[in-house]
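The residues making up each chain are set out below.
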Amino acid sequence: MAHQSNYQPKTAFTRWMDSRLPVIRMAYDTILDFPTPRNLNYMWTFGGILTFFLGLQIITGVILAMHYTADTSVAFDSIEYLMRNVNYGWLMRYTHAVGASMFFVAVYLHIFRGLYYGSYKAPREILWIIGVLIFLAMIATSFMGYSLVWGQMSFWAVTVITNLFSSLDSIVNGLGTAIVQWIWGDFSVSDATLNRLFSLHYLLPFVIAGLVGLHIWALHVPGNNNPIGVDLRDPKREAVPFHPYYTAKDLFALTAFLLLFAYFVFYLPDYLGHADNYIKANPLQTPPHIVPEWYFLPFYAILRAIPSKLGGVIAMFSSIGVLFFIPWLDTSSERSARYRPIYKWFFWLLAIACVALGYLGSKPPEGGYLVAARIFTAYYFIHFLIIMPIVGVIETPKPRPRTIADAIFKGGGQASGYAAQPAAAAAEKR
Amino acid sequence: MATTMDDPVTRRDFIHIAATAFAGVGAAAALWPLIDQMNPDATALSLGSVEIDLAPVQEGQAITVVWRGKPIFVRNRTPKEVEEAKAVPIDELKDPIARVMGLTGEEPATDQNLTKGGHEKWLIAIGICTHLGCIPKGQKPGDERGEYGGWFCPCHGSQYDTAGRIRKGPAPRNLEIPPYQFESDTKIKIG
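Sequence order for the protein chains is A and B.
Residues in the first sequence are numbered consecutively from 92, following the numbering used here.
Residues in the second sequence are numbered consecutively from 49, following the numbering used here.
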């Protein structure tokens with residue numbers, strides 16, 4: 092339901108502009124007038140929060156690049172200089188570093204919102220796939236950004252992650268090594284490596300921005316999903332214009348989220364990082380315990396859960412790759428898990444498995460930790476590949492409101508000047 | 049050249065296909081410099097070599113030197129460690145191949161193939177875990193050396209024996225042996 096444009100240019104200039112490059116019309120249609128379901132809950136505010144954080148990361152990142160030197164001999168010192176001497180340098184760096192963490196907090200909530208309410212289902216498959224691409228680009232960007240600090244954790248994270256490609260040696264002898272050396276530009280992680288990581292770290296956020304544009308475009312063709320998972324039938328009754336209703340709500344949610352953000356920036360700026368990254372990179376000494384940033388821990392746990400090198404790498408990439416296919420793995424005709432009595436439990440099991448994998452990723456891969464990581468890794472894949480297709484077929488959804496209007500105007504009374512549906516319709520199944 | 053309806057393949061079709069194919073080959077060729085610029089350059093490729101004086105390394109001790117930006121483990125093994133390394137049957141190994149730079153990749157990972165004749169007590173290996181590139185522990189006297197007395201990788205728990213062979217853990221291969229020669233009984237040249 093790509094909605095009809097209601098834009099009316101009022102001045103001579105806007106009329107002139109509208110017949111040449113209708114950007115004002117586009118902004119009006121997408122930001123101000125876009126008909127948005129009235130029943131969205133606060134889980135729908137993370138899209139706006141994420142957009143804000145992308146902007147914040149780009150602005151602080153451009154500023155940090157003014158003070159950073161991508162040279163292995165001085166990279167670490169240039170950041171210490173920034174922290175101690177550059178005016179507000181500490182604020183720029185902590186905002187950027189904590190901002191990356193908050194970006195992932197928001198994106199994980201956004202992804203699980205989509206999983207719970209079935210926002211990936213027809214007609215929003217492309218919207219979902221672009222979202223997974225954004226997530227992949229975010230992973231690459233944050234990994235590269237972390238490497239630029241050139242502390243011990245930075246260096247060894249680059250070493251370990253780039254070495255993942257050497258697992259291809261077990262398929263074609265020498266191929267993996269050739270790829271790794273191509274990535275490094277040397278026989279070890281070196282100055283050449285740091286420079287290309289910096290170049291790409293500066294590039295990728297703009298790729299993300301482009302993908303976000305496509306994501307919003309793809310969102311605005313079918314419009315927002317909503318908690319009951321039913322399409323808009325009667326936008327006049329069931330939707331409100333994005334502005335001022337959702338701009339105000341999103342700004343309120345953003346403000347609340349920024350309180351959390353500010354708490355970390357000003358009181359716990361290094362809490363989410365690792366102390367070893369304040370030790371300059373030393374290629375001859377591996378830290379006793381290498382851990383990635385917290386937002387990669389579940390994937391790290393999956394990597395280490397598999398006892399074969401190539402197998403671990405395949406499992407780790409597949410854990411994200413499988414997300415591309417879930418619009419087709421989920422066989423249920425019901426979008427929202429709110430009306431899916433069986434699937435709902437499996438959803439929460441998945442959420443628990445992901446949190447547990449995050450915890451296990453921070454622990455050494457031995458004993459009970461390893462066994463638990465294997466169990467949760469198995470569940471992660473079983474959830475998507477087996478449970479999703481089967482539960483969708485065997486489950487009988489609970490009764491749900493036939494339309495959004497039924498859900499929000501229940502009781503049969505008058506609401507917002509619109510006639511509400513009779514109460515009986517609320518229990519009726521489609 | 050006249051064409052008729054009976055002859056659907058025209059001279060123009062041929063020119064189109066040939067031109068497109070040629071442009072495609074040209075575009076692919078133009079792409080190569082953009083990819084190859086990322087490969088190690090001549091400076092990195094020039095092997096370089098380092099000479100190491102082995103005299104100060106006492107029996108049972110080990111030192112780490114740098115060659116090509118990589119740590120090289122130099123270990124003076126005790127006679128007991130050498131005997132243990134020699135006694136391991138090849139079919140017990142996780143990776144039965146001697147990963148020696150310059151060898152064909154067919155030789156079995158016997159202790160003999162991993163060291164130089166007459167200098168069996170010296171094990172010279174690239175100190176990079178073949179799993180994900182961490183530096184295994186075991187060079188310093190107090191380090192954890194794993195169940196096989198060689199090296200223990202702290203990252204993901206791979207364990208190597210005194211001949212640098214992978215025995216346990218996720219690493220797929222034995223430690224790599226760099227090219228080196230004995231210049232004298234107490235001096236080697238790597239590279």
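These are computed hints drawn from the structure, not numbers from a lab.
For glycine and all other residues, C-beta sits at the position ideal for the given N, C-alpha and C.
It is possible that part of the hints are untrue.
To be verified - Which chain B residues face chain A? A few, computed with CB under 8 Å, are given here:
1) Phe62
2) Ile63
3) Ala92
4) Gln109
5) Gly181
6) Lys235
The hints, checked one at a time:
1. Phe62: Because about 37 Å separates Phe62(B) from the closest Cβ in chain A, which is outside the 8 Å limit, the hint is violated.
2. Ile63: 37 Å, violated
3. Ala92: This interface hint holds because 5 Å falls under the 8 Å limit.
4. Gln109: Constraint on Gln109(B) not satisfied, violated at 17 Å.
5. Gly181: It holds, given that the least Cβ distance between Gly181(B) and chain A is near 4 Å, below 8 Å.
6. Lys235: 22 Å, violated
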